[in-house]
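**Q** Sequence:
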Amino acid sequence: MKILVTDKIADEAIELLKKEGMDVTFKEMEHDELLENIRRYDALIVRSRTKVTSDIIENAENLKVIGRAGIGVDNIDIETASQHGIKVVNAPTGATISVAELAIAHMLSLSRHLTIADSTMKQGRWEKKKLKGVELHGKTLGLVGCGNIGRKTAELAKAFNMKIIGYDPFLSKEDLEKYGIEKIDELKDLMSKADYISLHLPHTRETHHLINAEMLENMKPTAYIINCARGGIIDEDALYDVLKDKKIAGAALDVFEKEPPVDNPLFSLENLVATPHLGASTIEGQIRAGTVCAEQVIKTLKGETPDYWVNRKLMEK
Numbered sequence: 234m235k236i237l238v239t240d241k242i243a244d245e246a247i248e249l250l251k252k253e254g255m256d257v258t259f260k261e262m263e264h265d266e267l268l269e270n271i272r273r274y275d276a277l278i279v280r281s282r283t284k285v286t287s288d289i290i291e292n293a294e295n296l297k298v299i300g301r302a303g304i305g306v307d308n309i310d311i312e313t314a315s316q317h318g319i320k321v322v323n324a325p326t327g328a329t330i331s332v333a334e335l336a337i338a339h340m341l342s343l344s345r346h347l348t349i350a351d352s353t354m355k356q357g358r359w360e361k362k363k364l365k366g367v368e369l370h371g372k373t374l375g376l377v378g379c380g381n382i383g384r385k386t387a388e389l390a391k392a393f394n395m396k397i398i399g400y401d402p403f404l405s406k407e408d409l410e411k412y413g414i415e416k417i418d419e420l421k422d423l424m425s426k427a428d429y430i431s432l433h434l435p436h437t438r439e440t441h442h443l444i445n446a447e448m449l450e451n452m453k454p455t456a457y458i459i460n461c462a463r464g465g466i467i468d469e470d471a472l473y474d475v476l477k478d479k480k481i482a483g484a485a486l487d488v489f490e491k492e493p494p495v496d497n498p499l500f501s502l503e504n505l506v507a508t509p510h511l512g513a514s515t516i517e518g519q520i521r522a523g524t525v526c527a528e529q530v531i532k533t534l535k536g537e538t539p540d541y542w543v544n545r546k547l548m549e550k
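No gaps in the numbering here: position 42 of the sequence shown is 275 in this note's numbering, and each next residue is one more.
Mixed in with the good hints there might be a few duds.
[As the list claims (entries may be wrong)] For lysine-lysine, the following DSSO-like pairs were computed, each having C-alpha atoms within a straight-line distance of at most 27 Å: (1) K251 x K241; (2) K372 x K355; (3) K396 x K365; (4) K480 x K491; (5) K491 x K372; (6) K362 x K260; (7) K372 x K361; (8) K260 x K480; (9) K396 x K372; (10) K391 x K355; (11) K480 x K361.
[What the hints assert, rightly or not] With beta-carbon atoms standing in for the labels, derived distance ranges: (12) L511 x G357: 25 to 31 Å; (13) T437 x E261: 46 to 52 Å; (14) D351 x I516: 36 to 42 Å; (15) G254 x G371: 32 to 38 Å; (16) G413 x G254: 23 to 29 Å.
Hints listed in this document are in silico derivations from the structure and should not be mistaken for laboratory results. Using N, Cα and C, we set each Cβ at its ideal position, and we do this for glycine too.
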């Protein structure tokens with residue numbers, strides 16, 4: 234079986250594929266080159282850089298599976314893949330710890346003004362009196378999305394004695410109580426109650442600009458919002474307005490509607506902390522994501538049912 238890998242994945246994942254007798258090609262390709270070459274391969278493995286569009290899928294006459302070495306599959310045309318009988322698999326557990334730790338890191342950075350402290354110190358300025366922060370201890374963390382990453386973030390936040398509340402329409406009160414999370418039925422109520430709001434959900438048509446001007450206006454003036462999930466969930470124009478007018482205390486973004494962001498007005502604001510989509514970018518996280526994805530691809534090519542089959546419902550209609 235021939236496997237094409239178009240984004241860098243962990244060496245351990247490549248070795249796993251080769252041990253199973255797979256013929257693996259690693260080559261970063263842009264759209265046109267991938268379109269021309271995809272028909273030769275039985276499997277395609279990508280991260281977030283490669284966009285697997287409908288025309289690429291339609292040209293993939295031998296393709297049986299698309300593997301995403303990570304959780305988000307918004308760069309893959311799921312519907313077209315399903316129509317062509319191509320399974321889409323991912324690695325939803327790969328980056329769980331890495332992303333959750335980054336969310337906590339952003340909470341700490343916002344609370345203690347670490348980015349401002351660092352930059353002013355390097356400019357030779359001692360701004361101690363201006364940089365009084367707040368503790369996480371005893372504060373309320375509101376999770377929007379309580380899947381693997383949301384629950385891991387809750388687990389880490391408990392070490393700071395935080396109260397955890399969560400909004401997730403797909404999970405019951407009893408589901409969340411198992412993880413010490415109080416279920417909030419309405420998003421606007423969570424937005425108004427939380428001191429920190431952390432987003433952990435996919436970007437879909439339903440979640441696009443879920444955090445809009447109305448939701449942001451519901452936040453406490455002392456509250457912070459963190460997005461380590463996907464760009465597009467927050468309306469960036471609305472976020473700019475509330476930050477500029479200091480209607481909320483601050484925000485931290487690891488993801489953006491356009492990546493890499495160019496001339497984003499948010500970057501002019503001192504109460505924004507920004508990182509370049511680092512959520513899954515740890516050595517351990519990449520090994521996990523790559524190997525889990527490779528395992529799913531191997532299972533599929535062997536005719537077995539993969540554990541993380543994203544488009545199963547669409548294909549079994």
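**Q** Against this structure, judge whether each hint is valid.
**A** Here's how the hints hold up against the structure:
no., hint, result
1, K251 x K241, "holds (16 Å)"
2, K372 x K355, "violated (31 Å)"
3, K396 x K365, "holds (23 Å)"
4, K480 x K491, "holds (25 Å)"
5, K491 x K372, "violated (32 Å)"
6, K362 x K260, "violated (52 Å)"
7, K372 x K361, "holds (23 Å)"
8, K260 x K480, "violated (47 Å)"
9, K396 x K372, "holds (6 Å)"
10, K391 x K355, "violated (33 Å)"
11, K480 x K361, "holds (24 Å)"
12, L511 x G357: 25 to 31 Å, "holds (28 Å)"
13, T437 x E261: 46 to 52 Å, "violated (27 Å)"
14, D351 x I516: 36 to 42 Å, "violated (24 Å)"
15, G254 x G371: 32 to 38 Å, "violated (56 Å)"
16, G413 x G254: 23 to 29 Å, "violated (45 Å)"
Hint compliance for this structure: hints 2, 5, 6, 8, 10, 13, 14, 15, 16 are not met, and every other hint is.
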